[in-house]
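Student: Chains as they are written, first to last, in the working numbering: chain A, 1 to 302; chain B, 1 to 311.
It should be emphasised that the hints constitute simulated quantities derived from the structure, not laboratory data. Note that the structure is predicted; figures quoted are calculated from it, not measured. By construction, the Cβ of each residue, glycine as well, lies at the ideal position given by its N, Cα and C atoms. Accuracy of the hints is not assured; some may be wrong.
As the list claims (entries may be wrong) - Covered by chain A, according to a simulated footprint, are these stretches of chain B (three or more residues, beta-carbon under 8 Å):
1. 35–44
2. 108–114
3. 129–143
4. 265–273
To be verified - Simulated crosslink set (SDA-like; lysine to any residue; CA at most 20 Å straight-line):
5. A:K186 <-> B:P32
6. A:K289 <-> B:N114
7. A:K136 <-> B:S58
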Amino acid sequence: MTKQAKSKLHKTSAFDVINTSLVVLITLIVAYPLYFCIIASFSDPTQVSMGRTLLWVKDFTLEAYKYVFQEERLWVGYRNTIIYTVLGTLYNLILTIPAAYVLTKKYMPFQNILSWYYFITMYIGGGMIPDYLLRKELGLLNNPLVLIIGTGVSCYNLIVTRQYFASSIHPDIYEAAYIDGASEFKCFTSIAMPLAKPIIAVMTLYYGVDHWNSYYNALIYIRKEKYYPLQLVLRNILISNQNTSVDLNTDISVIEYLLQKQHMAQAMKYSIIFIASAPLLIIYPFIQKYFAKGVMIGSVKG
Amino acid sequence: MSNQSISINKNQVTRFLKRLYRCRMLYLMILPSIITVFIFHYIPLYGVQIAFKDFRSSLGIWGSEWVGLKHFKTFFNYPYFGRVIWNTLWISLCSLLTFPLPVIFSLMLNEMRNEKLKKVCQMITYAPHFVSTVVVCSMIILFTNREGLINIILGFFGVEAIDFMGLSSAFAPIYSISGLWSGLGWSTIIYMATLSGVSQELIEAAKIDGATRMQVIWYVNLPHIKGTVITMFILNMGSLLSVGFEKTFLLQNSLNQDASSVIATYVYEIGLLNQQFSYSTAIGLFNSIVNIIMIVAANTISKKLAHTGLW
Chain A
1 MTKQAKSKLH KTSAFDVINT SLVVLITLIV AYPLYFCIIA SFSDPTQVSM
51 GRTLLWVKDF TLEAYKYVFQ EERLWVGYRN TIIYTVLGTL YNLILTIPAA
101 YVLTKKYMPF QNILSWYYFI TMYIGGGMIP DYLLRKELGL LNNPLVLIIG
151 TGVSCYNLIV TRQYFASSIH PDIYEAAYID GASEFKCFTS IAMPLAKPII
201 AVMTLYYGVD HWNSYYNALI YIRKEKYYPL QLVLRNILIS NQNTSVDLNT
251 DISVIEYLLQ KQHMAQAMKY SIIFIASAPL LIIYPFIQKY FAKGVMIGSV
301 KG
Chain B
1 MSNQSISINK NQVTRFLKRL YRCRMLYLMI LPSIITVFIF HYIPLYGVQI
51 AFKDFRSSLG IWGSEWVGLK HFKTFFNYPY FGRVIWNTLW ISLCSLLTFP
101 LPVIFSLMLN EMRNEKLKKV CQMITYAPHF VSTVVVCSMI ILFTNREGLI
151 NIILGFFGVE AIDFMGLSSA FAPIYSISGL WSGLGWSTII YMATLSGVSQ
201 ELIEAAKIDG ATRMQVIWYV NLPHIKGTVI TMFILNMGSL LSVGFEKTFL
251 LQNSLNQDAS SVIATYVYEI GLLNQQFSYS TAIGLFNSIV NIIMIVAANT
301 ISKKLAHTGL W
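Excised from the complex, chain A in its bound form (with noise of 0.2 Å):
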């Protein structure tokens, strides 16, 4: 590095105190509902409504949290969802990887035809009601096992996937190997396999987010209450408004015990965002720099 350069990096301008300040604030004010919702879901309920709680906790509580342990429904929604999850992602991948794996190799008849099989399910679909017909044929209706297998494979990750295999792992690699006298499988579980880390990794990833936050299926197919997956039970609660099981034992006036179970409630939700939120945001941190690599792998051109 020149002297000059180097000058330059210590030297902050006005335009970088600007910029970073904007910056600095602009992530401050994506960050802040979330933050919100936090301090809510500890403080009291009615200081909550009265705008006492903007910058931090005010009359800790942990009131709301002890009714949302009582309602059962969202605790058989996040068992269901981890099911579907674990389940879900798994099958995704043994689909996913060996196909994308196969995509790339170039020699293969019916390469090109294959990939635009694929391809095209990104733009043509039979949408809500054909998808329904089939599901109900299948006996896929009210069962649980739709929301782990209905997906099968999304086009943009096998796509994503493919794009990894081509750029990273030279095709020299596997000549060798045929000389060798490999077989093709046996290429892909000992050569691109164990290279392949990474991208399986942001593919856990993407599926499992997907699998995890996903509703509109379990909303179509899914009609027995003990089925349904976290983000359906949360939707209930929290957007349709059905009763939580909040009963407080006062001997206060009826106007204000209705007052103070709808500022319960309210205070319900906002902890029950925070724990339906938790597991994705706790590890989130750790696992933020495979997501966003992801994207950049399939934002190569090829």
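Chain A is already provided as a structure; the job is to place chain B on it using the hints.
Tutor: Just chain B now, with coordinates in the frame of chain A:
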């Protein structure tokens, strides 16, 4: 002569078969996913024909009676046809208005000298991308009610409490602003990746020629990411008539229905709630055809004007 060409053909065929045989394991590996995609993506296409039929479950998809364009005509004559289309377009346009912000934000991030602070800012702004739609929507509903955060803040400026979710005119802005919150950081990733490819020599040369920081951004960085920006813009244009079902459905209530009934929610209402399968499929099909036309049009325009496109 003819004998020779036949033998060449035969040779080619055997060679081709040999290649097929050599790749047999590859086909075996890809087969499960081919089957799954066929079942879940291609078989429903067969069901699309009920858009032109009067579907009865007793007769099945194939056995139901053809009725031509009847359901499409019903949709075009639907009294609220104009409103549903307009709502869909309006919500998309409001979301499209926020399109430049991630571009600007990534240019700002790119100028940050403090690498650690930059990483932290990036990490925090990515996070909303992982918050589920259901949670985002419940946060919106909690924040915009009369006692919610937004009204508390507005209260400091003496504004009277407004029930935003009951206000039709607020629906599209709420949709687009919350979309910006979810996507601002995440959308910068792709621009940041492109920006990392700007040649440092070019920037140095510009600086020696006396360019200011703003001039470097305007004449070096911005042109460098132009292609990516246009590609992202085309993708957005192509989905102008496909406002997502999930979020709209969650934010919809009886008070804001004037502004929140879009094609996707109408398809759901007609199809799954009223069980008019054929009519609903017809609306969905109409929507997909318009979407495909839109994306092809956007691509053609951008190829003409900017010489870059998706294909």
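Student: Just to be careful, I want the Cα atoms of K136 of chain A and S58 of chain B compared with a cutoff of 20 Å; is the pair within it?
Tutor: Answer holds: K136 of chain A to S58 of chain B is near 13 Å, not above 20 Å.
Student: Taking 20 Å as the top limit, are the C-alpha atoms of K186 of chain A and P32 of chain B close enough?
Tutor: Holds, at roughly 18 Å.
Student: Is the listed coverage of the segment 265–273 of chain B by chain A valid when you require three or more residues with a beta carbon under 8 Å from a beta carbon of that chain?
Tutor: holds (count 4)
Student: Tell me if the straight-line CA distance from K289 of chain A to N114 of chain B falls inside 20 Å.
Tutor: Within the cut-off at roughly 18 Å; holds.
Student: Given that the segment 35–44 of chain B was listed as covered by chain A, double-check it with a C-beta distance under 8 Å for 3 or more residues.
Tutor: Since 8 is at least three, the answer is holds.
Student: For the segment 108–114 of chain B, do at least 3 residues have a Cβ located nearer than 8 Å to some Cβ of chain A?
Tutor: With 6 residues close enough to chain A, the hint holds.
Student: Are three or more residues of the segment 129–143 of chain B within 8 Å, CB to CB, of chain A?
Tutor: holds (count 12)
Hint compliance for this structure: every hint is met.
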